[in-house]
Amino acid sequence: MRLRGRKGILESLEQQPELVVLDAAPHRGKWHQFFGNNHPIYVELGMGKGRFISEMSVRNPHINFIGVDMYDELIRRASEKARNAWSGKGVESPPNLALLRANIEKIEEMFAPGELERIHLNFSDPWPKSKHARRRLTHPRFLKKYIEILNENGEIHFKTDSQSLFEFSLNSFAELELQMANISLNLHKDGPREDLVFTEYEGKFMEKGQNIHRCEVIIGEKALARYREAKHAAAAASKAAEEASREGEEAGLDD
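If you're matching positions, the sequence shown starts at 1 in UniProt numbering and goes up one per residue.
Keep in mind that the hints were calculated from the coordinates and are not lab data.
Incorrect hints may have been included.
To be verified - Below, in silico cross-link-like pairs of lysine to aspartate or glutamate (EDC-like), each with a Cα-Cα straight-line distance of 16 angstroms or less: (1) Lys145 x Glu108; (2) Lys145 x Glu175; (3) Lys189 x Glu207; (4) Lys7 x Asp72; (5) Lys189 x Asp161; (6) Lys231 x Glu249; (7) Lys145 x Glu115; (8) Lys106 x Asp23; (9) Lys208 x Glu167; (10) Lys30 x Glu115; (11) Lys129 x Glu167; (12) Lys49 x Glu200; (13) Lys222 x Glu115; (14) Lys144 x Glu200; (15) Lys30 x Glu18; (16) Lys144 x Glu194; (17) Lys144 x Glu105; (18) Lys49 x Glu73; (19) Lys145 x Glu167; (20) Lys49 x Glu109; (21) Lys7 x Glu73; (22) Lys49 x Asp23; (23) Lys30 x Glu109; (24) Lys89 x Glu55; (25) Lys145 x Glu105; (26) Lys144 x Asp190; (27) Lys30 x Glu80; (28) Lys49 x Asp72; (29) Lys144 x Glu177.
To be verified - Restraint-style ranges between C-beta atoms, simulated for each label pair: (30) Gln210 x Ala25: 16 to 24 angstroms; (31) Ser130 x Glu250: 55 to 63 angstroms; (32) Lys144 x Lys208: 53 to 61 angstroms; (33) Asn171 x Asn103: 22 to 30 angstroms; (34) Arg141 x Glu247: 29 to 37 angstroms.
Where a beta carbon is used, it is the ideal one built from N, C-alpha and C, also for glycine.
Make a model of the complete structure from these sequences and hints.
Next comes the structure, spelled out in structure tokens:
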């Protein structure tokens with residue numbers, strides 16, 4: 001991927017240390033110090049132009065967000081989008097957002113074990129050729145890294161328009177015996193999910209009538225416990241409703 005950036009782009013990024021991080025190494029294990037709080041940290045890997053991560057930071061002020069991409073030009077565009085997203089609130093620089101220039105291949109050098117609470121993978125490159133499978137961000141070799149850096153509440157939220165990548169990803173999650181939840185083969189079939197933030201690509205795909213596939217992967221022990229508790233409660237409620245309905249029918253027959 002080649003991006004034609006403006007002159008002086010690196011100098012521009014260097015002048016935004018409160019928002020743009022060009023070297024993750026000094027912050028590894030210390031990202032809470034960068035944000036100045038102990039709020040949960042959510043990361044988007046491959047943020048593109050930054051629409052998703054910017055809007056997420058505005059909607060969720062008590063969560064810290066980090067958008068990661070490896071291209072200076074995309075970091076620049078994302079910085080503009082982030083500042084615009086917060087300008088309506090009278091804020092010059094987003095207080096809970098960092099834009100990190102980094103190669104995801106070295107993610108274990110960017111974040112310490114248990115430092116993150118959620119990883120977002122939105123419309124990642126599907127790398128359709130079989131020989132490039134290891135480059136897919138849902139390949140087991142990447143998933144093992146994510147598991148290390150996610151904490152006890154850790155989850156992965158994955159969206160794609162690629163059916164082949166979605167099938168590959170579900171198999172990767174299953175291979176590592178990870179718990180999947182809220183699997184959708186057509187996320188917006190009943191209309192746009194307003195509770196979810198769209199990416200730039202997502203809107204375009206929807207206009208073309210393409211299906212959006214989505215899955216959540218539950219990683220952390222506390223997250224798994226909540227998932228199992230909710231599932232158990234739902235099953236109990238369903239059983240109770242069935243029994244109440246059956247008792248009502250029997251009472252009607254007695255009359």
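Here's how the hints hold up against the structure:
1. Lys145 x Glu108: holds (6 angstroms)
2. Lys145 x Glu175: holds (15 angstroms)
3. Lys189 x Glu207: holds (12 angstroms)
4. Lys7 x Asp72: Judged against 16 angstroms, a Cα distance of about 11 angstroms means the pair holds.
5. Lys189 x Asp161: Distance ~13 angstroms between Lys189 and Asp161 Cα, so the pair holds.
6. Lys231 x Glu249: The hint is violated at about 27 angstroms.
7. Lys145 x Glu115: holds (12 angstroms)
8. Lys106 x Asp23: Between Lys106 and Asp23 the Cα gap is close to 12 angstroms, so the pair holds against 16 angstroms.
9. Lys208 x Glu167: violated (21 angstroms)
10. Lys30 x Glu115: holds (9 angstroms)
11. Lys129 x Glu167: holds (14 angstroms)
12. Lys49 x Glu200: Between Lys49 and Glu200 the Cα gap is close to 8 angstroms, so the pair holds against 16 angstroms.
13. Lys222 x Glu115: Within the cut-off at roughly 15 angstroms; holds.
14. Lys144 x Glu200: violated (28 angstroms)
15. Lys30 x Glu18: Holds: Lys30 and Glu18 sit about 15 angstroms apart, inside 16 angstroms.
16. Lys144 x Glu194: violated (32 angstroms)
17. Lys144 x Glu105: holds (12 angstroms)
18. Lys49 x Glu73: holds (9 angstroms)
19. Lys145 x Glu167: violated (20 angstroms)
20. Lys49 x Glu109: violated (23 angstroms)
21. Lys7 x Glu73: Given pair Lys7, Glu73 holds - Cα atoms ~10 angstroms apart, limit 16 angstroms.
22. Lys49 x Asp23: violated (19 angstroms)
23. Lys30 x Glu109: Satisfied, since the Cα-Cα distance of roughly 12 angstroms is no more than 16 angstroms.
24. Lys89 x Glu55: With Cα atoms ~13 angstroms apart, Lys89 and Glu55 stay inside 16 angstroms; holds.
25. Lys145 x Glu105: With Cα atoms ~10 angstroms apart, Lys145 and Glu105 stay inside 16 angstroms; holds.
26. Lys144 x Asp190: The given pair, whose Cα atoms are some 34 angstroms apart, is violated under the 16 angstroms limit.
27. Lys30 x Glu80: This hinted pair is violated, its Cα atoms lying about 25 angstroms apart.
28. Lys49 x Asp72: holds (11 angstroms)
29. Lys144 x Glu177: holds (12 angstroms)
30. Gln210 x Ala25: 16 to 24 angstroms: For Ala25 against Gln210, whose Cβ atoms are near 39 angstroms apart, the range 16 to 24 angstroms is violated.
31. Ser130 x Glu250: 55 to 63 angstroms: Since Ser130 and Glu250 have Cβ atoms about 58 angstroms apart, the given range 55 to 63 angstroms holds.
32. Lys144 x Lys208: 53 to 61 angstroms: violated (35 angstroms)
33. Asn171 x Asn103: 22 to 30 angstroms: holds (25 angstroms)
34. Arg141 x Glu247: 29 to 37 angstroms: violated (54 angstroms)
Checked against the numbered hints listed earlier, the structure breaks hints 6, 9, 14, 16, 19, 20, 22, 26, 27, 30, 32 and 34; every other hint is satisfied.
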